[in-house]
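Undergrad: Protein sequences, first through last, are from chains A and B.
Numbering that gives the first Met the number 0 applies: residue 0 is where the first sequence begins, and numbers increase by one.
Numbering that gives the first Met the number 0 applies: residue 0 is where the second sequence begins, and numbers increase by one.
In short, the hints are calculated from the structure, not lab data.
Don't take every hint at face value.
Claimed, not checked - What follows is a set of in silico ranges between Cβ atoms, one per label pair, in the way DEER data are often shown:
{"#": "1", "chain 1": "B", "residue 1": "Asn81", "chain 2": "A", "residue 2": "Asn125", "range": "54 to 62 angstroms"}
{"#": "2", "chain 1": "B", "residue 1": "Gly124", "chain 2": "A", "residue 2": "Asp211", "range": "30 to 38 angstroms"}
{"#": "3", "chain 1": "B", "residue 1": "Asp84", "chain 2": "A", "residue 2": "Arg147", "range": "27 to 35 angstroms"}
{"#": "4", "chain 1": "A", "residue 1": "Val308", "chain 2": "B", "residue 2": "Ser107", "range": "40 to 48 angstroms"}
{"#": "5", "chain 1": "A", "residue 1": "Lys10", "chain 2": "B", "residue 2": "Lys74", "range": "43 to 51 angstroms"}
{"#": "6", "chain 1": "A", "residue 1": "Lys207", "chain 2": "B", "residue 2": "Asp96", "range": "22 to 30 angstroms"}
{"#": "7", "chain 1": "B", "residue 1": "Asn81", "chain 2": "A", "residue 2": "Gly21", "range": "57 to 65 angstroms"}
{"#": "8", "chain 1": "A", "residue 1": "Glu358", "chain 2": "B", "residue 2": "Thr63", "range": "23 to 31 angstroms"}
{"#": "9", "chain 1": "B", "residue 1": "Phe122", "chain 2": "A", "residue 2": "Glu56", "range": "49 to 57 angstroms"}
Every residue gets a Cβ at the ideal spot worked out from N, C-alpha and C, and that includes glycine.
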Amino acid sequence: MKKTTFNEMHKLSGAKLVEFAGYEMPIQYSSIIEEHKAVRNSVGVFDVSHMGEVLVEGENALNFVQKITTNDASKLTNGKVQYSAMCYENGGIVDDLLVYRLEENKFMLVINASNIQKDFEWMQKNNNYGVSLKNESDEYSLLAIQGRNSKPILEKLVGKEIDLKYYTFSFYQLNGIDCLISRTGYTGELGYEVYFKGNIEQAEKMWKSIFDEGKQYGIKPIGLGARDTLRLEMGYCLYGNDIDETTNPIEANLGWITKLNKGEFNGSEVLNNAKKNGTTRKLVPLIIQEKAFPRHGYEIVDGETVIGVVTSGTVSPILEKPIAMGYVPTEKSSIGSEVEIKIRNKNYKAIVTKLPFVETNI
Amino acid sequence: MNIPSGYKFSTDHEWVKVEGNVAIIGISDHAQSELGDIVFVDVDPDIAETSAGSSFGTIEAVKTVSDLLAPVSGKVIELNSNLEDEPQIINSEPYTDGWIIKVEMSDSSELENLMTPEEYLEFIGA
């Protein structure tokens, strides 16, 4: 099992460690609910070093990125980030990702840990553009500092104001190490992601500096458990749960990152038709008013007939109610529609609601 | 790991504390710690009996759901009504206020199938 540079820090912080995407990662430290609330109310730190980073460089870098992703990367300028997806020709999703434009002809693609190998092979296969592709996933450490108090902590550590708009980035020195800091995250709170290359010693120093400075704000380390509940309250998709190779961006409510007028790209023909003709199912946010908890894979039913599936479900620590996302037939996908979720042989009423489940403060 | 004496444990991580012919049943400290934040204990309020090894309800944590398996058989005489509003008592006091169900045992020899605290500690590798 692989370890990130912060593995020892997790152990010292009392983390419960589990295998995730081939890495030994913290699922929780104290309690998912406590960690969740720390991020919503103040600040928390996530080790997300398991995420993958691929550098794309060359004269045709933009053309390559345009071909493999659904969003319009030509809109990016240096220092901007874009949420996007990679699709197969049939419209199925290879992965969702962040696209960073580092320079005019240089992009960093940040991909899901569980997909690094698959994505990198897919990129190589699509490289008819003569670009250089470097998988630097093992070299980057990555911390997400999320919550309203993330800004003063990082500003103190870099020794100057961090004036970043949402989905932009810049370079800073932290503990004498060059860091790329972007105002991005997976929580719906004001937050930053800090990328750097460094050895274990430097990474541990970075971790400790952040926690020393964050102490006054009650900073907490946050595990994958709360990462999941935080993203689900926002309705952000999780690859492998809500989206995968059998779902396309249009039915997954990712039409907003699918720019069909940018020219031809992988899957564009299928996605164009899906947009024009509509899809038979839609990913929707669902809320249950009873104490019944939907989980990934539970059936969405109409009486005895299975009409859909729950892709993510949990109890919202903020609403203290069960929340879920799932695919339902398009005719039942409008806000206020009622469906039923089968939970241990009993059907419970679920109502299609709007996102986010909880107010966002990005 | 904190395990009080006088308790017996099933391989499904339930504990039993015997008072006369009554078995008080809950889940172990190890089990609550593995489950994480408990948000709901679902036992049918009209449940009449338990049967050793069979499910008498479920326990929902933020991340997962788990069956509650009865360590002994008998007539249900009380459910812990405090768990309705505060299921997290199981996280904080698994062996005392976090008890789940009380059963009048129909076959006390079933207790012999359960582990002592020392055996249970070894079982969970603590």
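Undergrad: Each hint needs a verdict: does it hold in this structure or not?
TA: For each hint, the structure was consulted:
no., hint, verdict
1, B/Asn81 x A/Asn125: 54 to 62 angstroms, "holds, 59 angstroms"
2, B/Gly124 x A/Asp211: 30 to 38 angstroms, "holds, 35 angstroms"
3, B/Asp84 x A/Arg147: 27 to 35 angstroms, "holds, 30 angstroms"
4, A/Val308 x B/Ser107: 40 to 48 angstroms, "holds, 46 angstroms"
5, A/Lys10 x B/Lys74: 43 to 51 angstroms, "holds, 47 angstroms"
6, A/Lys207 x B/Asp96: 22 to 30 angstroms, "violated, 38 angstroms"
7, B/Asn81 x A/Gly21: 57 to 65 angstroms, "violated, 42 angstroms"
8, A/Glu358 x B/Thr63: 23 to 31 angstroms, "holds, 27 angstroms"
9, B/Phe122 x A/Glu56: 49 to 57 angstroms, "holds, 55 angstroms"
The structure is inconsistent with the numbered hints 6, 7, although it conforms to all the rest.
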